[in-house]
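Numbered according to the numbering used here, the sequence shown spans residues 24 to 156.
Fair warning: there could be bad hints in the mix.
Stated by the list, open to error - In silico lysine-lysine, DSSO-like type, Cα no more than 30 Å apart, as pairs:
| hint | residue 1 | residue 2 |
| --- | --- | --- |
| 1 | 93 | 64 |
| 2 | 64 | 143 |
| 3 | 143 | 93 |
| 4 | 143 | 87 |
| 5 | 87 | 64 |
What the hints assert, rightly or not - The calculated label-pair distances, taken between Cβ atoms and stated as ranges, are:
| hint | residue 1 | residue 2 | range |
| --- | --- | --- | --- |
| 6 | 87 | 120 | 40 to 50 Å |
| 7 | 36 | 145 | 41 to 51 Å |
| 8 | 137 | 35 | 16 to 26 Å |
| 9 | 48 | 147 | 24 to 34 Å |
| 10 | 58 | 86 | 23 to 33 Å |
| 11 | 60 | 27 | 42 to 52 Å |
| 12 | 27 | 120 | 33 to 43 Å |
| 13 | 98 | 119 | 26 to 36 Å |
| 14 | 36 | 137 | 14 to 24 Å |
| 15 | 39 | 62 | 32 to 42 Å |
| 16 | 59 | 86 | 15 to 25 Å |
| 17 | 115 | 27 | 16 to 26 Å |
Keep in mind that the hints were calculated from the coordinates and are not lab data. Think of the CB as a built atom: it goes at the ideal place given N, C-alpha and C, for glycine as much as any other residue.
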Amino acid sequence: MLKRNIFTILFISWMLFITFLSLYSFKGDSLPKVSIPHVDKAVHFTFYFVGAILGTLFVRELTKGTAALKKTTIIIFLAMVVYGIIIEAIQLGFTPNRHGDILDVLANSLGAFLGILAIKYVFSKKSQLKWKN
Numbered sequence: 024m025l026k027r028n029i030f031t032i033l034f035i036s037w038m039l040f041i042t043f044l045s046l047y048s049f050k051g052d053s054l055p056k057v058s059i060p061h062v063d064k065a066v067h068f069t070f071y072f073v074g075a076i077l078g079t080l081f082v083r084e085l086t087k088g089t090a091a092l093k094k095t096t097i098i099i100f101l102a103m104v105v106y107g108i109i110i111e112a113i114q115l116g117f118t119p120n121r122h123g124d125i126l127d128v129l130a131n132s133l134g135a136f137l138g139i140l141a142i143k144y145v146f147s148k149k150s151q152l153k154w155k156n
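Work out the full structure, taking the sequences as your base and the hints as a guide.
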């Protein structure tokens, strides 16, 4: 059972992980200071890159490979972009130590887009993995 639903578990866990890290207000004194410019944009990119890949594999697993790749990737991309916008809006309006940022939305969207391109490449004719239509 667990083996058959691995991408479902991974995708849901990943999205919960993103949500927690995006909305939880860490105490500033308890965290080590990292002074790398724009490292948060790379983190946003990575979160949504992995999320888009896992989301596509989740839908593939859910539909037993019968969903069309193009339709699935469009839906997952749009869902990831909307999710990223919602998280940034919640940060802006409801968290005390977090701030919504349009550049974070851009990094999220770019990560999701490149994640979709990566998964399309994996399931293309050039790759060994195949997508059932």
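Evaluation of the provided hints:
no., hint, verdict
1, 93 x 64, "27 Å, holds"
2, 64 x 143, "24 Å, holds"
3, 143 x 93, "8 Å, holds"
4, 143 x 87, "17 Å, holds"
5, 87 x 64, "34 Å, violated"
6, 87 x 120: 40 to 50 Å, "43 Å, holds"
7, 36 x 145: 41 to 51 Å, "21 Å, violated"
8, 137 x 35: 16 to 26 Å, "22 Å, holds"
9, 48 x 147: 24 to 34 Å, "42 Å, violated"
10, 58 x 86: 23 to 33 Å, "45 Å, violated"
11, 60 x 27: 42 to 52 Å, "44 Å, holds"
12, 27 x 120: 33 to 43 Å, "41 Å, holds"
13, 98 x 119: 26 to 36 Å, "34 Å, holds"
14, 36 x 137: 14 to 24 Å, "21 Å, holds"
15, 39 x 62: 32 to 42 Å, "22 Å, violated"
16, 59 x 86: 15 to 25 Å, "40 Å, violated"
17, 115 x 27: 16 to 26 Å, "40 Å, violated"
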